[in-house]
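Trainee: Now for the letters of each chain:
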Amino acid sequence: MARYRYDGTFEGFLCVVARGLDTADESAEFLRPGDVAGVDLFTDVIHEVATERETALRFRERFVAAVSKASFGAARYAFHSQVAGVEALVWRYIRLGLDKGIRLHRMLAEEPVWSVNRLARRVAHEAHKFKGLVRFREVAWSDQTFLYAVIEPDADILSFIAPHFSGRVGDRPWMIHDLRRSQAAVYDLEVWRLIRDIDRIAAPAYTPGEEACARLWRGYFERLAIPERRNPKLQRQHVPVRYRRNLVEFGE
Amino acid sequence: MSILSFQQRLEILADSAKYDASCSCSGTSRQGTPGGVGGTVSSGVCHTWTADGRCVSLLKILLTNACIYDCAYCINRRSNDIPRASLTPAEVVNLTMDFYRRNYIEGLFLSTGVVRSPDWTMEQLISVARKLREEERYNGYIHLKLVPGADPLLVAEAGRHADRVSVNIELPTRRSLALMAPDKSRESVINPMRQVSGLIVSARAERKRFRTAPQFAPAGQSTQLIVGATPESDREIITLSEGLYRRLDMKRVYYSAFIPVAHDPRLPALPGPPLLREHRLYQADWLLRFYGFSAHELLDEARPNLDMRFDPKSDWAVRHLELFPVEVNRADYEVLLRVPGIGVRSAQRIVSARRHGRLGEVELKKLGVVLKRAKYFLTAGGRYLGGIRLDGDGLVARLLAPAKRPARLDQLELFATVPDASAISGEL
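If you read the sequences in order, they're chains A and B. Going by this note's numbering, the first sequence opens with residue 1, and the numbers climb by one from there. Going by this note's numbering, the second sequence opens with residue 1001, and the numbers climb by one from there.
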């Protein structure tokens, strides 16, 4: 069994796959920075794989040509679920895809296609949900203001939702901060960038108008429910309690 | 009269707007312009859900809840003793921009009570949309209500700024309308719908020839029917909806369970809103739009109302057992769509996956096909999945048995004052 250490990004993972393709070995173990390799008597070598954008892009082109864009999308979304063991799963999926070609798409009921699709659906669903659940707050910053949002999603969805917001709020700088992963998407009126290892050290200073606007929204939200149709169970299905911490309308 | 704060006025107007069921912000796809504000997503985006489980995607608000009309079913009717308030167009524009930038909402759904005259009122609504588009460079979703009786020129102007326009029929028949809403004629509702339908079709044709031709309400038009305020049968309602979809190219018909918002001798005394009936009507509506059913297949003169015990597709299938079971590896897509428990997505997956290999019960489950009801209507590789012989009564018993709760209808009657929450699923 081969062992690879990579930087934890999808690009890095593609570089690992591109490099590992020549090996006939189906199984592999993947280590992210900080992971401690378990003791294994037979494989003491860990391949360190550097992330090269060029290599990743070339591999993407190759896979899309051999299989399909949709299958590549499924692999990408599933990878971002970050569940334990997802690398090995996507690894098998990609290798199977290069073997079967376009037919991979139809092997819905077979492994690893079924699991990859299931994860991809879950991530895509959460990403779509967060297009609605991001809440920007206006923050004063030196002599300007920018819009700041905090999210804590289950999957790593920032790179899926950031393009949506650069089209939507194009006239203000903004930042969406994933606290769980200490990373943020930052938009500077031209392009958005993903910034890693960014923690919050102090509560941001909201502008004077921000609380007034939040209060209007809370009051509006409360009144919009029809008392005769009260249905908190249905509400919980749509807005799980774990998401509510960062939603203005569920705060005090 | 004391002067109301902005917050108070907003809350009064939210109270008055919440009975409009429409929430959709889908149907158009527009990229944001560089440096501009807003775009639309074709699938729509829900932003939050209120305590009744309904989604909030649009800032649903009235310009004013004062009204010269006295429609019995409406909370804002002239004779109702409620606080009245209004917002200026500039206030609505600022509020929309503030909420939109913070991603509270996906767009604006602006309606209003009728004050002074229908034309004056319509002009006020249009001025909000125009300000948003032209002064704020707002590119997001706008849904405008058309005021019954407004000038056709104003209707045409509304559709140039809005993604969707709507005028609510509210009551399915002319007779009920005359009884409950004596100030509105059927024509004042239907005529703008016809006009909008014509304008949408011609604008679409024009844009095929010139890409830059102006758009007209690209997300189409919708309407709403109140269920349970008047004695119409489900058959009358569903047949009307079918006509609206087929002849006027309506995008959505919303059904709103009647909530008694006033005591009026013309209105029935209901123990609670007929939520289960509303749910069944939505199911029937989906069958019309996405499953290839016709209204006369679901209901006829002998059976004018939907069965409250189970969904209209199961009901139809039980009455057509001669067509079942069907073979999952061979049946056409259209036939699969008619199997209870199989939806559009399951049918698509089955058709796609069976080209690769034969499907048995295990494979179906892996595809995510829910067999709870479907198994009684399917064979897989020649093997019947239901386990029991298909006959009418036994099958009905089996279909109803898996429900853990006793039949929902009974529950509604036993605890009549508690709305049947479980009956509502999905967004309105």
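To be clear, the hints were calculated from the coordinates, so they are not data collected in a lab. There's no promise every hint is true.
To be verified - Simulated restraints, written as ranges between beta carbons of each label pair:
#	chain 1	residue 1	chain 2	residue 2	range
1	B	A1156	A	R95	51 to 61 angstroms
2	A	D199	B	A1090	34 to 44 angstroms
3	A	K69	B	R1398	54 to 64 angstroms
4	B	I1003	A	I198	29 to 39 angstroms
5	B	T1088	A	I198	16 to 26 angstroms
6	A	R236	B	L1270	53 to 63 angstroms
Note that the coordinates shown come from a computational prediction; the quantities given were computed from them, not determined experimentally. Beta carbons are placed, not taken as given, at the ideal position from N, Cα and C, and that holds for glycine.
Trainee: All the hints need checking, so say for each whether the structure fits it.
Mentor: For each hint, the structure was consulted:
{"no.": "1", "hint": "B:A1156 x A:R95: 51 to 61 angstroms", "verdict": "holds, 59 angstroms"}
{"no.": "2", "hint": "A:D199 x B:A1090: 34 to 44 angstroms", "verdict": "holds, 41 angstroms"}
{"no.": "3", "hint": "A:K69 x B:R1398: 54 to 64 angstroms", "verdict": "violated, 44 angstroms"}
{"no.": "4", "hint": "B:I1003 x A:I198: 29 to 39 angstroms", "verdict": "violated, 47 angstroms"}
{"no.": "5", "hint": "B:T1088 x A:I198: 16 to 26 angstroms", "verdict": "violated, 42 angstroms"}
{"no.": "6", "hint": "A:R236 x B:L1270: 53 to 63 angstroms", "verdict": "violated, 27 angstroms"}
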